[in-house]
Structures are given as C-alpha cells and as structure tokens.
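S.K.: Sequence:
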Amino acid sequence: MSAIAVGDLPCAPVAPSSSRNLWCMKASQRRRRTDEASKLLFMGNVIADLVRIALPALAAELDLDAIEPMQTEFVGMDRSRRIGDSAFRMPFARPAPDGTRRYALASGEFQDRNDATMLARVRAYTHRMLDTARHQGTIQPEDRPLVLPFVIHTGRDRWRAADGAEPMAGLPPEAAREVAPHQPQAYIAVDIGDKASLPAGPTNNRFLAAARWFAAATSAHCCVN
239 MSAIAVGDLP
249 CAPVAPSSSR
259 NLWCMKASQR
269 RRRTDEASKL
279 LFMGNVIADL
289 VRIALPALAA
299 ELDLDAIEPM
309 QTEFVGMDRS
319 RRIGDSAFRM
329 PFARPAPDGT
339 RRYALASGEF
349 QDRNDATMLA
359 RVRAYTHRML
369 DTARHQGTIQ
379 PEDRPLVLPF
389 VIHTGRDRWR
399 AADGAEPMAG
409 LPPEAAREVA
419 PHQPQAYIAV
429 DIGDKASLPA
439 GPTNNRFLAA
449 ARWFAAATSA
459 HCCVN
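Numbering-wise, this note's numbering comes out as the position in the sequence shown, counting from 1, plus 238.
Since the hints were derived computationally from the structure, they do not count as laboratory data.
A few of these clues could be false.
Claimed, not checked - Derived SDA-like pairs (lysine to any residue); straight-line CA-CA distance at most 20 Å: (1) Lys433 to Glu416; (2) Lys433 to Arg290; (3) Lys433 to Gly393; (4) Lys433 to Asn443; (5) Lys433 to Arg351; (6) Lys433 to Glu299; (7) Lys433 to Leu293; (8) Lys433 to Arg444; (9) Lys433 to Ala399; (10) Lys433 to Pro419; (11) Lys433 to Trp451; (12) Lys433 to Ala453; (13) Lys433 to Arg450; (14) Lys433 to Pro335; (15) Lys433 to Asp381; (16) Lys433 to Asp350; (17) Lys433 to Asp395; (18) Lys433 to Arg398; (19) Lys433 to Val284; (20) Lys433 to Thr376; (21) Lys433 to Glu306; (22) Lys433 to Ile377; (23) Lys433 to Ala454; (24) Lys433 to Ala455; (25) Lys433 to Pro294.
Could you put together the complete structure from these sequences and hints?
M.R.: As structure tokens, then:
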C-alpha cells in the first residue's frame, strides 16, 4: 500500500484500525468525489462562459454556442494513454481565408492541490490530445489549432504553482519577447476559491455561477467525516 498525500501532510500506511488511516482514506474519497463533481459541473456551456470572461477578445471570434465535447482518453504517438478531465472543440465564427472551418480546442484539468509539475503535465496532455484528435479526424493532420489549456483549481488553499512565466523572469523586455515564442506553452489558471482573482462577468454567467456553487459546497463539506 502506497502513502496518500493529503495537502502537505503525508498519510503513511498504517494498521486498518487506525483512526489516522481512516481519516486519510476518507480524505482520498472526498478528493475523488470532488474530481467527479468537477467533471459533471463544468460542462461545455460552462467552459464556453469561462472563455467569454477570461478571453473576451478571442470569444468574440468563436462560435461558442457550437462548443462540442471531445474524447478525453488521449493516446500519444508513443501509444501512451491518459484519461483527461475534459476537452472541447470550439469553431471560429468565420472560416479561414481558404474557406476551411477553423477550430480552437480547450482542455480542462481540475486540481484540488498545488502541483509544481503542472506545466510539464499540461504540455504532455496537450500533445496527446492533439495526436488523438488527428487520429480520430476531429482535426486534420496538417492542422495546428489554437489550444486553451485551463487548470481549474478547486482546493481551499490558493493556487501557487508555476504557470510557465518564471523562465523569463528578470529578462529585459526585448529579450523576453525574443524567447517567448520558444518557451513551453503555459496554461490558464483559474482559482475558483479565490473570488478576487476570478474574471468579472455578468450575473448570468454560468461559469461564475458554477464556481460560486462549487466553492460554497466545498467549504461546507471540508470537514465532514
């Protein structure tokens, strides 16, 4: 039996009768329920509303009413498999200059704890998602679609993991602009527990409504056995 980490406090494998072990197992079960609830709550129309408030200029170019779910079992070119949390395809409102339909892809990863390896994980997930989409015909082999990797933090602690900007910290602006296109792709972190950091939006925005509900539900059940 391997150790289960709860927050920053490791739960070591101990005797089944131990109250400490029972507490750790319940914490692990709560995390699984939270992850399942996140996948059910943050569906396509909710993610579309997230794009509307987080990236309004881009949202104006997309037909977000036509957002479509994508398969979340990703298979890489090396045949490695990974089950993602959510993935969606969003068509642009206007076709490309050659008349073809263009799409942007959005992925959602739900995290209840900080993860210093999130940037590397997002890069791996994105590559697998694109490989799978090309294999299934969701996008054409030659397509290089815009990808919006969202990391939605559902934990009570604030999100502090790196978002990919640190490698350029301290560089002069001109040097930063030169190397930015060659840096690993960052992700868009959304901390639903930090109300001050959430993008502003109308009261009927479904993402903000879902975030408020989820934050309240998580807070209310944080200490339930």
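S.K.: Could you run down the list of hints and mark each one as holding or not?
M.R.: For each hint, the structure was consulted:
no.: 1; hint: Lys433 to Glu416; in the structure: violated (34 Å)
no.: 2; hint: Lys433 to Arg290; in the structure: holds (17 Å)
no.: 3; hint: Lys433 to Gly393; in the structure: holds (13 Å)
no.: 4; hint: Lys433 to Asn443; in the structure: holds (14 Å)
no.: 5; hint: Lys433 to Arg351; in the structure: holds (17 Å)
no.: 6; hint: Lys433 to Glu299; in the structure: violated (27 Å)
no.: 7; hint: Lys433 to Leu293; in the structure: holds (18 Å)
no.: 8; hint: Lys433 to Arg444; in the structure: holds (15 Å)
no.: 9; hint: Lys433 to Ala399; in the structure: holds (18 Å)
no.: 10; hint: Lys433 to Pro419; in the structure: violated (31 Å)
no.: 11; hint: Lys433 to Trp451; in the structure: holds (12 Å)
no.: 12; hint: Lys433 to Ala453; in the structure: holds (9 Å)
no.: 13; hint: Lys433 to Arg450; in the structure: holds (8 Å)
no.: 14; hint: Lys433 to Pro335; in the structure: violated (41 Å)
no.: 15; hint: Lys433 to Asp381; in the structure: violated (37 Å)
no.: 16; hint: Lys433 to Asp350; in the structure: holds (16 Å)
no.: 17; hint: Lys433 to Asp395; in the structure: holds (12 Å)
no.: 18; hint: Lys433 to Arg398; in the structure: holds (15 Å)
no.: 19; hint: Lys433 to Val284; in the structure: holds (17 Å)
no.: 20; hint: Lys433 to Thr376; in the structure: violated (35 Å)
no.: 21; hint: Lys433 to Glu306; in the structure: violated (28 Å)
no.: 22; hint: Lys433 to Ile377; in the structure: violated (36 Å)
no.: 23; hint: Lys433 to Ala454; in the structure: holds (11 Å)
no.: 24; hint: Lys433 to Ala455; in the structure: holds (15 Å)
no.: 25; hint: Lys433 to Pro294; in the structure: holds (19 Å)
When each numbered hint is compared with the structure, violations occur for hints 1, 6, 10, 14, 15, 20, 21, 22.
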